[in-house]
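Engineer: Protein chains in written order, with this note's numbering: chain A, 2 to 431; chain B, 3 to 303; chain C, 779 to 1104.
Errors might be hidden in some of the hints.
[As the list claims (entries may be wrong)] Label-pair distances were calculated between CB atoms; the ranges are:
1. B/A80 / A/S413: 49 to 57 Å
2. A/E172 / C/P888: 53 to 61 Å
3. C/L866 / A/E337: 27 to 35 Å
4. B/A134 / C/L866: 24 to 32 Å
5. B/A80 / C/Y833: 48 to 56 Å
6. A/G251 / C/N1043: 17 to 25 Å
7. C/G1091 / B/P73: 44 to 52 Å
8. C/G853 / A/E172: 47 to 55 Å
9. B/A80 / C/L866: 56 to 64 Å
Calculated from the structure, these hints are not laboratory results.
For every residue, glycine included, the Cβ atom is placed at its ideal position computed from N, Cα and C.
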Amino acid sequence: MTVPPRRRVALGAALVATLMAAGCGGSGSDDGTITLDLGLFGTFGFEEAGLYDEYMELHPEIRIEEESVERSADYYRALQTRLAAGSGLADIQGIEIGFVADVAANHADAFVDFAARDNADEVLGHYYDWKVEGATTSDGRVVGLGTDAGPEAMCFRRDLFEQAGLPTDREQLAQLWSTWDGYLELGRQYDASPTKPEGSAFLDSPASVFSAAVYQGQTAYDDEDGNPIPESSDGVATAWQHASAAAGEGMTANLIQFGDEWNSAFANGAFATISCPAWMLGYITGQAGDEGEGVWDVAPLPGGAGNWGGSWLGVTESSEHQEEAIALVEWLTAPEQQVRMFTEEAHFPSSQQAAEDPAVATATSDYFSGAPVGQIFGESAAALRFTPIGPYDTQIQEAFTNALSTVAEGTSPDDAFQAALDEIDQVVGG
Amino acid sequence: MTTLASAPEETVSAAAPVAPPRRRRGRGGKVTAAGPLTYVLLGLTALVSVFPLYWTAVAASKTNAELAGTPPPFLPDADLFTNIGRAMEEAPIGLAIVNSVVVASCITVGTVLCSTLAGFAFAKLRFRGNGALLALVIGTMMVPTQLAIIPLFILIAELQWVDHLQAVVLPTLVSAFGVFFMRQFLSQALPDELLEAARVDGASTLRTFWSVVVPVARPAMAVLAMLTFLTAWNDFFWPIIALTTDNPTVQVALAGLGGGYVPDTAVIMAGTLIGTLPVLVVFVVLGKQIVGGIMQGAVKG
Amino acid sequence: MTIASDDPRVAAAAAPPPAPPPGPPVRRRRRLTRNRWGYAYVAPFFVLFACFSLYPFLYTAWISLHEVRLSDIDGAEFVGLGNYSALLQNEFFWNAARNTLTIGVLSTVPQLAMALGLAHLLNYKLRGRTFYRVAMLMPYATSIAAATLVFAQLFGHDYGLINTLLEAVGFDRVDWESGTWTSQFAISVIVIWRWTGYNALIYLAAMQAIPGDLYEAATLDGASRWQQFLHVTIPALKPTILFTIVVSTIGAVQLFGEPLLFSGNGMTSGGVSNQYQTLGLLMYDQGWTNFHLGQAAATAWAMFLIILVVVGGYALLARRRARAER
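Chain A with its partners taken away, still in its complex shape (with noise of 0.2 Å):
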């Protein structure tokens, strides 16, 4: 039997249209309930929570559904594509401290604001000032909702400090290292020792000098108007002096954080120290496993407090149902949510009410040999100001930590600095 050929050829055609509309059907019951579209990046958790169906069973006419993208670089590439084509938003979109700038600056009218809302004053009264500053508009518009915080710590090997001779009670070594100057003495007794084990550094790579430390300035990488300053900005210029003597002094195993090597050094015991946000906590205990339990421990940052990470949660304005959306962002984001999501987990608060609930405020962890670390990265939390922020502070950062590299690798640090300069100006575009 021989079809003929142009049957065929339509037979083909059908074939293909019928498998598209077989692929783009279900769009979605009508049965009164109102489905809110999450869309978000990795770091979240609300739904590993039990947020999620906590709210449903509060309000039976919500459906939520989360779409997730695990790494934030993707999910940005994907949000700025939509954001540009002014269309594809989700009702409520997450928003990381990389990008809130751009967004504050950019895409503000894009977004509801929060403060122009009736009850700003309850919504926003109960963070840190400084969250609530990070996602506000030079005219004063508040672009989303705060959730976790990255307060800063600074993050030790027992095990290996005792075998260099060095002191292990996390009170000392807080005095010992109050100043980077006082760490980094610390560093050269470390590389000194003759008995401490083979191959291993003092810490992870220059970058955790500089990322904790640039945020202690003044200024970071921006003025007040988020416009990038890397060659004046105080916070560089000290971050930069401290982690170019770690690089060049070769006290650092100089691994690309987030690289692969970074990640199997936690199991082996590479370093001994690594500047460490909240978050940074649930990673180790992630890359060291069960053998890293009561082998590692937490004392404050030397040099002041510091922030790194942290998230917001958007409405879009587009959102068809943007009350329910908003009622639900304020609800996720409300202190007893954020305690539990402190609890359960270890998402450090960016609300000041919840950073102090006991629950928090008291927690310590078994892990890392029993520290304090609610009280710990509270205290770092409660002492931070706001540091001007600026749409290419991701970048910037890359930018001074690759040159670090560098100089471990031999170049002098003027250099270094310089090649760092040379990048950011094709960061920013002249």
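Let chain A serve as the given structure and place chains B and C on it in line with the hints.
Structural biologist: Then chains B and C, alone, in the frame of chain A:
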């Protein structure tokens, strides 16, 4: 898929009387048996090629800490199935596989069809402007595509296709590579006299295409189908922008796996593993097609 | 821009003796080849092409004449050829161009040579040939996530298998990632791994279309296997080889995924001192990390011009050689 694959065979037998005396196609693969050295070389290459997939299975059953141990583990264990279960829970992988099968199949069928038609025309038919058109096709291969996604997304958004599968299928269907590939293949493999003979026997152009061109093009079509399917299956850059995890392809669904500040490598790898399995099935089916194409030539020859 | 092969040897392969009777075929050929049906055949492709390729590409060209940020496309400012002249003075562009060239040569040449050899082996009468064919394509089927994991581990400085082996035979550990040559070599290895099987299969398909009697004739003439490979297989594969060279060149200039995955942490700078940043990665860096669409578009079109010159060079060479042999 099936209609396309089985069609040429029927047509070949139907067209046999009009076909010219055939030369034997297909090379001396049947004449020359492989020596042991060939097997050793191919075996080594196969080992190197398959190793990452095997390693995926190992990584899918270990924690990050276990993977980093010295010496590294070399065998997967029972946690593999636990992690596959977790991956299936975390992301709608079932739906994603169905979607990917639909998307990749549509793209494959469409690309092979369009490319064979156009490749044949460029290889064997002379029409005004064919050189310029071919240059245009090859030219588009040279422009990197990453930037095109912004205008493309604006277009897709206007058409209200965001989150619908045709948003991935239609733009990906356009394969300059495919057209160029079929053109180069057919210009070598399709002797002009075959076309002449069909013409003399009064076959219409379309009939000539089905009864003469397609049978000759078959191994190349199978290879193009395989490559296209794989490219479509692994495509990530555009789908993650055009779709969401609401209605994802496999790669989009996998991108949502292992979330949290600590990426859970084991779960990501477990998801990757089940996401690759359907590809293996396609391999076996199309792989047979390529082999089948040669055998047929040999029998008929 | 003709990639068309008027190579006499291919013509010979396609039309071996006995020669067709003189006269009629010529007339018939003319009738066949002047054919308006051509438009109908290319139409399906070109309709889709116009919508989903041509329009975005022209848009890219227009963008390249503007200073424009991803977050503010409507605020584009016309700068004429400003992005292009800035590119020519940009050390990052020249660095990426150099890296692209070295990685391109290091990866393409061995890749195609090995693919040709593999295809030849696969074309023998083999037990379990489907298995080998499928296995060859596994690298191309392996997802980026899995490949990243494997190669980042293999080339790791402290725990990598390759360094462990080097150390075992008495060499020093190599810091693959941070060196210029070592990182480019490692990336070439990934490229070769990923694409050799792909090209082998393309060659294999073409080998299967070579008429068996050509080999029979060669065997009768007492040609060894190697001579057959050189004098029958290679000439008959010429259009396909040309095809793979063109496609690999395009792929090499646009190389992007492998250097991106080699860093293991998704950075787009191509190493801490850009030691393995390729043009494709630079464009991605400009457009999607730094959000300067105008610059990225200019880089994209510069890449287009580079490929155009190289491929045009090939075409010219091929034509000149064909003419010389005639």
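Engineer: If a hint holds in the structure, say so; if it doesn't, say that too.
Structural biologist: How the hints compare with the structure:
{"no.": "1", "hint": "B/A80 / A/S413: 49 to 57 Å", "result": "holds (54 Å)"}
{"no.": "2", "hint": "A/E172 / C/P888: 53 to 61 Å", "result": "holds (60 Å)"}
{"no.": "3", "hint": "C/L866 / A/E337: 27 to 35 Å", "result": "violated (59 Å)"}
{"no.": "4", "hint": "B/A134 / C/L866: 24 to 32 Å", "result": "holds (30 Å)"}
{"no.": "5", "hint": "B/A80 / C/Y833: 48 to 56 Å", "result": "holds (52 Å)"}
{"no.": "6", "hint": "A/G251 / C/N1043: 17 to 25 Å", "result": "holds (22 Å)"}
{"no.": "7", "hint": "C/G1091 / B/P73: 44 to 52 Å", "result": "holds (49 Å)"}
{"no.": "8", "hint": "C/G853 / A/E172: 47 to 55 Å", "result": "holds (54 Å)"}
{"no.": "9", "hint": "B/A80 / C/L866: 56 to 64 Å", "result": "holds (59 Å)"}
Comparing the model with each earlier hint shows a violation of hint 3 alone; every other hint is respected.
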